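**Student:** Listed here are the chains, written in short residue letters.
There are 2 protein chains.
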Amino acid sequence: MPESIPENSVGLVKPQTAHFAQPLALDCGRTLAAYDLIYETYGKLNADSSNALLICHALSGDHHAAGYHSMLDRKPGWWENYIGPGKPIDTNQFFVVSLNNLGGCKGSTGPTSLDPKTGKAYGPDFPIITVRDWVESQVLLGERLGIKQWAAVIGGSLGGMQSLQWSIQYPDKLRHCVVIAAASKLSAQNIAFNEVARQAMLRDPEFHEGRYYEHNTVPKRGLMLARMLGHITYLSDDAMRAKFGRELREGKLNFGFDAAEFQVESYLRYQGESFVDRFDANTYLLMTKALDYFDPASDYEDDLAKALAPAKAQFLVCSFTSDWRFAPARSREIVHALQQNRLAVSYAEIEAHQGHDAFLIKIPHYIAAFSAYMQRIAKEINA
Amino acid sequence: MPESIPENSVGLVKPQTAHFAQPLALDCGRTLAAYDLIYETYGKLNADSSNALLICHALSGDHHAAGYHSMLDRKPGWWENYIGPGKPIDTNQFFVVSLNNLGGCKGSTGPTSLDPKTGKAYGPDFPIITVRDWVESQVLLGERLGIKQWAAVIGGSLGGMQSLQWSIQYPDKLRHCVVIAAASKLSAQNIAFNEVARQAMLRDPEFHEGRYYEHNTVPKRGLMLARMLGHITYLSDDAMRAKFGRELREGKLNFGFDAAEFQVESYLRYQGESFVDRFDANTYLLMTKALDYFDPASDYEDDLAKALAPAKAQFLVCSFTSDWRFAPARSREIVHALQQNRLAVSYAEIEAHQGHDAFLIKIPHYIAAFSAYMQRIAKEINA
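Taken in sequence, the protein lines are chains X and U.
Going by the UniProt record's numbering, the first sequence opens with residue 1, and the numbers climb by one from there.
Going by the UniProt record's numbering, the second sequence opens with residue 1, and the numbers climb by one from there.
In isolation and in its complexed conformation, chain X is listed as follows (with noise of 0.2 angstroms):
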């Protein structure tokens, strides 16, 4: 927890609800007829609606990118090191809006909601959502902010493929789209990783076909399998190295299978141990799968270019040497289409050791790009 809230940090915040009467049709066929989406909003919409920013989240992700929601907080929100006064994303200049999205475990209608239907959690009978399903819920609740036009729509990950669906689908309601360590699809070997993570979940005893909640259980160890797993891809190879390298917990071997022996051994039951307690397993399929079906070029002979056509808007995109999840070259894929169709794009290959998870960390080039790129926006805001 903060002794006090750092200068630089949005400080304490209050998520809000948005609920949605109005049924949202989905990209699988099916209708949910009502939903609620939870957001937080750091910074002042100005007189014009503006300054207006919209971040979408990573996989395990969601609306707390930014500040403390009480002061006994042991962490602030995931995106900390990029969001607040003075900072890349500058919240003395933006209106920043951040949501969970739908099918989300942390205040989003999702799986663990009441299905109205049954008035129990919906559980697996949760339709599968797409990263177009999460764009078109985003632009109601821009709507509903009364944000007709996003001077930004920014993510990393999963939130970059969302921000550059933004751009496909809803050309005129973003003047800039910022596309941090993302891919324009998954590889065979991404989905596979996912495969593996959800082989893990689903046959788990304790998953019970998904309601798990009515047997008061939880899939706990494939969720942590998912995650552990998860986390041998977010790091690189290099970063893995300088983090634990081969450093035994107890300064030799052990000749046994019960206790954890290489620190990274310690480290990835730990990270996988403690994310069952703060994570739902259904959503976490769900997030699997709207990364796997992201494909926006399947519709057009697999040329991103084609895909990217209806695109307007100014474009920032990010990559980091080390990532092997989504690695540089697939940046380069969506860079290059978007200048196939003449459209304005700053490229930042940034050399970091970090992997895939150097999206979330402070690295002076990164900061810099970003921050030059974001300022370049409250220039055009602000003229």
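Just so you know, the hints here were simulated from the structure itself, not pulled from any lab data.
The structure displayed is predicted, hence computed values, not measured ones.
Hints may contain errors.
Given that identical chains are not distinguished, each listed pair holds provided it fits within a single copy or across any two copies.
[Said to hold, decoys possible] Below, in silico cross-link-like pairs of lysine-lysine (DSS-like), each with a Cα-Cα straight-line distance of 25 angstroms or less:
| no. | residue 1 | residue 2 |
| --- | --- | --- |
| 1 | Lys185 | Lys252 |
| 2 | Lys14 | Lys185 |
| 3 | Lys312 | Lys379 |
| 4 | Lys243 | Lys185 |
| 5 | Lys117 | Lys44 |
| 6 | Lys252 | Lys306 |
| 7 | Lys120 | Lys306 |
With the hints as your guide, set chain U onto chain X.
**Tutor:** For chain U alone, coordinates are given in the frame of chain X:
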């Protein structure tokens, strides 16, 4: 099953078992009172026993490296591409010995064997075996077969770790050492993958603390997940892209979790499920520990050159450009340490897109380099 045995196969082979009644002191401090080693031989031992090659297997390998056990076999031994008449490991010229390692589940003493003390399967009571222990037991097998010095000890992946350890531990007992797609120690990332695989098995409710045999069950979920994960690390990102891309099994998304949607999911599920029928979880656990623990430089202030100082063999080291499990840089570390000891070392870095699995696959440049080296050994023998 083969309609007929191909001409360049060693043909029908029959495994043999050697019983050892002399206790074997292990690295872990425990002793194995007696044990069996199952092995196969291909080719003929020459008059002065100078043409013997030892093949060391990788994580899920065994003694059946070449040929067929019966005309009903669907597949030949695991290194059929490289062992046989006229192949790189030419059975017209060499006497080839391939064994199942201690701790294995294919006929050598391991967790599925009966513990004479209890009359039940060893299960989790089987001691943790190290690469050094394997070399000790392989030396004894060699003596049993009348082989005082191997023309070469050869292995890929974990097998390459064994051949490397041979060169340190018994420098006078081999003239050549072939280390393929290996590393002198696991990285933190390698250990991390093993740890996820282990946790999948250890936390499977059907694991019963390793005594699942007594419960007439097997931890099939855990073993399946471990194997799925393994397969991701055996293939390169490129190989997966080439093999599966984002191909959908039914040509369209089905918005559900039950069926495998993408081809890569279907492949992994099949690999995982079929592995359960042919491998033992306790053995898999032991193999991952042998991998994690292998680190000959750890007793020499992490100086691999010092660890390799006793070596006298000549070396062939091979790596594959797309192998991200044990990347070429890991092989180059070995080459560099050998060179520091002024040992004769040939290094072949093979351009290949198949990833770690490349060491099992027919690749013209690899065949050429491997054959050339083995022919040099044959010439020495016949000189």
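**Student:** What hints, given by number in increasing order, does this structure fail?
**Tutor:** 2, 5 and 7
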